[in-house]
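**Student:** So the chains spell out like this:
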Amino acid sequence: MQLADQLRQARSKKEILLMTHLVLGYPSFAVNREVIRQMVANGVDVIELQIPFSEPMADGPMIIKANQEAIANGTKVADCLAFAAEMAAQYDIPFLFMTYYNILFKYGVEDFLRKAKEIGIRGFIIPDLPPEEGGEYLRLAKPLDLAPIQIFAPTSTEERMRTLAKHGAGFIYCVARRGVTGSKTEFDASFDAYLARCRKATDLPLAVGFGISNRADVQILTGKADLAVIGTATIRLVEEKGPEAVGSFIAGLR
Amino acid sequence: MNKLGYFGQWGGAYIPEVLYETFRELREVYAKAKADPAFWQEYLTLMGSYSCRPTPLTHADNLSRHFGGAQIFIKREDLNHTGAHKANNVMGQGLLVKRMGKTRVIAETGAGQHGVACATMAAKFGFACTIYMGEEDVHRQRPNVFWMEKLGATVVPVTTGSRTLKDAINEAFRDWVSNMDTTHYVMGTVCGPHPFPEMVAWFQSIIGQEARKQILAAHGKLPARVYACVGGGSNAMGIFQGFLGDPEVDLIGVEAGGKGIDTGQHAARLASQDASPGVAQGYKTMFLQDSDGQMRDTHSVAAGLDYIGVSPLLTDLWEKGRVRFAAATDQEVMAALDLTIKKEGIIPALESSHAFVQAFKEAGELNGGQAIIINQSGRGDKDIFTIAHAFNDPSWKDFIRKKGEEYATR
Ligand SMILES: Cc1ncc(COP(=O)(O)O)c(C=O)c1O
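So the sequences go chain by chain: A and B.
Residues in the first sequence are numbered consecutively from 170, following this note's numbering.
Residues in the second sequence are numbered consecutively from 6, following this note's numbering.
There's no promise every hint is true.
Said to hold, decoys possible - From the structure, some residues in chain B lie toward chain A, with a derived Cβ separation under 7 Å:
#1 Gly-17
#2 Tyr-19
#3 Glu-22
#4 Val-23
#5 Glu-26
#6 Asn-175
#7 Arg-179
#8 Val-182
#9 Ser-183
#10 Gly-283
#11 Ala-285
#12 Asp-297
#13 Gly-298
#14 Gln-299
#15 Met-300
No wet-lab data here; the hints were simulated from the structure.
Beta carbons: idealized from backbone N, C-alpha and C, even for Gly.
Chain B extracted, bound-state conformation:
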């Protein structure tokens, strides 16, 4: 009964006719790769030698002691090359691009992590690369823009719509419908038309495969709960896949609560009552939209979570009660980030910090014989401007002021 590319009632491929053949080819090359054990081996070798796989599972003993409950473990996707889980997906799709014989890649990016990963892959494999990024995100993730350009990518600031991730996706599609013969669109998350959700989830499943083995080795049994932040849902699907078959493991997705669910300024699709079923950006899921079906503006301090839709795989798991959803506000995120830095010497990305918030709220409910895993999807270095601003850091401000003066006088 299940239609192609559907997870329960969610997903599908709502694509313009001009891309029909392109998607047919992509489905084919993906199916072939999936059926070929040598492909996954090639992927593992690449990720082991070019990135930092397997990434460690760190026991956060200071945080565990601080909350006096569960043993807290952190899956360190921040230690991937380029600093986030995005590399897992990008390198996998890069291998497919080689198989398809295409010479150019394009991508959307919110936080800039996917853009940097994609530009890195393009540099390594010798592809031309264009990255679409909402103008608002260009401003708040400036260090990543710099690195993408240094890596040889063209970064196009998108000025339509809300100037964030969804608008970057629209622009990437507009490029693709013109240039599909030479170009592959490296979708950065488990959203968009089939086969992207399923394919990206496949590449990200490496997180869960490792984490399951690592927690069994370190803790001797499965964790009680696993936490991951959810933008589109790729790092969450990545780690959750390691535990989907273990009903005793609670899976918790944490969305952006922004300025608070009550304010309407958030990006909580499944943790709030504000989303409804819809079809946009090529797939069916729960969208933050008005009663006419126009997409609403979302807000999050974390550019990578500031998005109207959510993976059809996660919406299905939510509907079936397998994954529980919560939201973390911008303010809570800053506090959790600060605590993690101070207690563990680890700097999570603003996106990842959402998962830490919910884990910290719940750690005390469990006992010391139980374990929880937080998926640290990325590192916080990219967020230095936003974090320094949020902490109102005087010496940083002074530094920026002086740099400004230095450039102004030249």
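Here chain A stands alone, though its shape is the one from the complex:
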């Protein structure tokens, strides 16, 4: 089943879906493994695996540090692929790769997509690859049934959103606010107006991310978005309280 349909089906049984994120190799693959086990056991619906990159331009301090330390620990792209293969084989939920374009470019875009398909990855989030630059990636992804997830921002015009949606599949990642990952988001009237514009521009499920960190945030998004994305919050939690704390945190989000 296509990712978008699978998410719609899941959504028909839950008021809101949860997508979580982690940086591969940070603090270690062993900890990644335990965190994912707890996430899945507590009902996470989709997991975004970030392949670390030395120049994570769209990320905030917490995720920058995670990227840097993962690389400093010796994390290689090949290790990330092997780990992702293991997770996708073990768990039933969709796994996505999030990374920056140079990782694909250097590997070879076609080889990377074929490899991702082979190991059971369902789609990609590449924040520095607008459709204008992603011709090869977009052309190759769809026939392989891989979702090139497109990103909406509060600064996107309606026309731009429609263009992006045309290139997208799986769902749309709606960045909740300006800025980078990690800091708090205010959910005010202008946020509601933004989400309404997103909804109008596409039939794809809508995920909302950036600054979603607790039950109250998830509750606000319920009924407005299809997926809530938890990124920095779990990385911070693992850092402060260890991987054991992840399960109850996730269980308490909805």
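With chain A's structure known, arrange chain B with the ligand on it following the hints.
**Tutor:** Same frame as chain A, now just chain B with the ligand:
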């Protein structure tokens, strides 16, 4: 066939969606300015009255005699206000900021020259200003940090990554994605996403326009060779544009050879075999990176050349064989700097001294009827700590020790 913002296969605009509209506006205001002759006139007037344009072309007769070959000419970008070619770009972008109605500027800086120029422009035009600078560069270019702060800018030391220029660029982008409504990012070199490479090259083309006229007046014909140091590539593109249409003029870009190409501790993208095609910091070029695509640490005694990537315009000209690349080591740079000071009474910046190294290596191959131009992108005053340290200057050390004691006892 050429896509927007590409030079051959290099360039592009690999930007996050949140900046899409910001870049659309920037492309528009840039295109309008470029099509408006009154804009360039306003720019020339500003540079003639606030900076020192046209900057002179100096005949270095002592150096010419010393090497016994070509007539050596030096294009004096060091005589710009704030002491480097960076002012050309910054004042031009400042005029665009006024047209866009924005009130705040941000910039990355390596050597601090672009930061000082930007803070100066902000002071003159009444903009708020924040400068991002790698922590390592904050230490090695302390005088420029002092001046930026005095000029009213906030200097933010960047502690992520390698703590140098590339990391300062990442941080500037992170600021911009939050504050694009009020803020313009004044990219300091001919790198980054379209339209920056093309736009910065346009403002810097003033160097080449002047140099071409000046050499024809002084020497009666075109130079045989033109040398420029290459960090991101803005001073090089600036002067090269005056001669791109003259195939008889050799254009030579000089990169940082650091501790030697063999040591791996350098920033030679096009003069070494160590770089490969990649996409980072919003554009496609040759990057110093590993086989996974992770950027490597670079090294140069000159903070302004200590960078992983290089202008897509230069990579294209290199690929097409129009611009030749060489590298100068830290050690060679000190020797060329010393010689230039002694022979001509001119103090080039450490960055600029790289161009002098290669010109000195080649001057003897030419005859006295031929001319070469070295682009002196900036002055060396900012480098006083690094240069004094490299020369192991005893009286300077003594002075620093005494100053330290003086502050310690207060
Ligand atoms: C004096 C001077 N020359 C050269 C450079 C290198 O930049 P570019 O290659 O863009 O001219 C710098 C950068 O900081 C500089 O300050």
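**Student:** Each hint needs a verdict: does it hold in this structure or not?
**Tutor:** Checked hints:
1. Gly-17: holds, 5 Å
2. Tyr-19: holds, 5 Å
3. Glu-22: Holds - the Cβ of Glu-22/B comes within 7 Å of chain A, reaching about 5 Å at its closest.
4. Val-23: At about 4 Å, which falls below the 7 Å cut-off, the nearest Cβ of chain A leaves the hint on Val-23/B intact, so it holds.
5. Glu-26: Hint holds; Glu-26/B Cβ to chain A Cβ min 5 Å, cut 7 Å.
6. Asn-175: The hint holds - Asn-175/B has a Cβ within 7 Å of chain A, the shortest such distance being about 5 Å.
7. Arg-179: holds, 5 Å
8. Val-182: Given a least distance of 6 Å, the restraint on Val-182/B holds.
9. Ser-183: holds, 4 Å
10. Gly-283: holds, 5 Å
11. Ala-285: Since the shortest Cβ distance to chain A is 5 Å, the answer is holds.
12. Asp-297: holds, 5 Å
13. Gly-298: holds, 3 Å
14. Gln-299: Holds. Min distance 4 Å.
15. Met-300: At about 4 Å, which falls below the 7 Å cut-off, the nearest Cβ of chain A leaves the hint on Met-300/B intact, so it holds.
Every hint from the earlier list agrees with this structure, and none is contradicted.
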